[in-house]
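Chains A and B, in that order, give the protein sequences.
Oh and the first sequence: position 9 is 9 in the working numbering, straight run, nothing missing.
Oh and the second sequence: position 194 is 194 in the working numbering, straight run, nothing missing.
Misleading hints may appear alongside valid ones.
Only part of the chain B face toward chain A is listed, based on derived beta-carbon distances under 7 Å [what the hints assert, rightly or not]:
1) V40
2) A43
3) A44
4) A50
5) I76
6) V83
7) V161
8) R164
9) N165
10) A167
11) I191
12) V192
13) P195
14) V199
None of these hints come from the bench; they were simulated from the model.
Glycine residues also receive a C-beta, built at the ideal position from the N, C-alpha and C atoms.
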Amino acid sequence: MELLKNPAHRAWIVLMIATVVTWYLGEVGAAGTTAIVAMLIVAFVKGRLVILDFMELREAPRMWRILLEGWLILVSSLILLAYWISLK
Amino acid sequence: MAAMTTTQVSPAPDAHPTRRLPGDLAIWFFILAEMLAFAVFFAAYAFARAKNVEMFNTYQQTLDRNLGALNTFLLITGSWFVVLAVQATHKDNRPAISRNILLGWLCGGGFLVVKVIEYAEKFGAGISMSTNTFYMFYISLTFFHFMHVILGMVILTVLWVQSRNGAYGSHNAHGLESGAAYWHMVDLLWIVLFPLVYVMR
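In isolation and in its complexed conformation, chain A is listed as follows:
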């Protein structure tokens, strides 16, 4: 359990599990709004871990954290909007 004290190790484990989740959703042919939202949430969680624990922006000046997390929100929103339009 000593290993789990390192935020980088914790992030790596969650990132691996999240990757399997996305891969599995593809394997079962998940499609439609719920699937898209689920995949975007998984991608958001993964991206945030990379930003906070790999890029080490958790303790960085707030502006940089907001800029990078903002990018994730922007990209996810644009993708969601495009998928929502495609359903109409």
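Once you have looked at the hints, place chain B on chain A.
Frame of chain A; chain B shown alone:
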């Protein structure tokens, strides 16, 4: 709301002495510019798909999701090794710094090999950028990212050589942190690219 914000802001959180941006300020501006370019690219893909849903869904099925997921695994693990290299500088563990940079580089190399296998299969089947809109996006997006992986590996090579010369330790991790930030960006971009192009339908 405004009143709440004011009371929260008054202790000036950014003035906290421990808040520090890892690496060079310039690399972060560069990373931001790269990320914006990819954001435009991702949005272009999603909106082009909205106009040709059936075509995108059909050809997406020809992509190898297993290889895409394997590559996600390789980039995340490569990023993780480079974090360990940065952490090793704080302990002045010189061998661990070089070793982890090298392991991160090898993960990048593995990514390139997998991607080349994927491209060979597609190009071998006579598919090109001009086959259809889906493949135009698939090839250009992934190749644009591919070039970023190559640049990341060039940076890691420089960092590895520097680390072998004892450039990094608790006295100085600036260059290593800058290169590491770029390498993590390559990972971050793939984390969005993989579900978007390979899985979402």
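Comparing the hints with the structure gives:
| no. | hint | result |
| --- | --- | --- |
| 1 | V40 | 9 Å, violated |
| 2 | A43 | 4 Å, holds |
| 3 | A44 | 9 Å, violated |
| 4 | A50 | 4 Å, holds |
| 5 | I76 | 5 Å, holds |
| 6 | V83 | 4 Å, holds |
| 7 | V161 | 23 Å, violated |
| 8 | R164 | 23 Å, violated |
| 9 | N165 | 24 Å, violated |
| 10 | A167 | 19 Å, violated |
| 11 | I191 | 5 Å, holds |
| 12 | V192 | 6 Å, holds |
| 13 | P195 | 5 Å, holds |
| 14 | V199 | 4 Å, holds |
When each numbered hint is compared with the structure, violations occur for hints 1, 3, 7, 8, 9 and 10.
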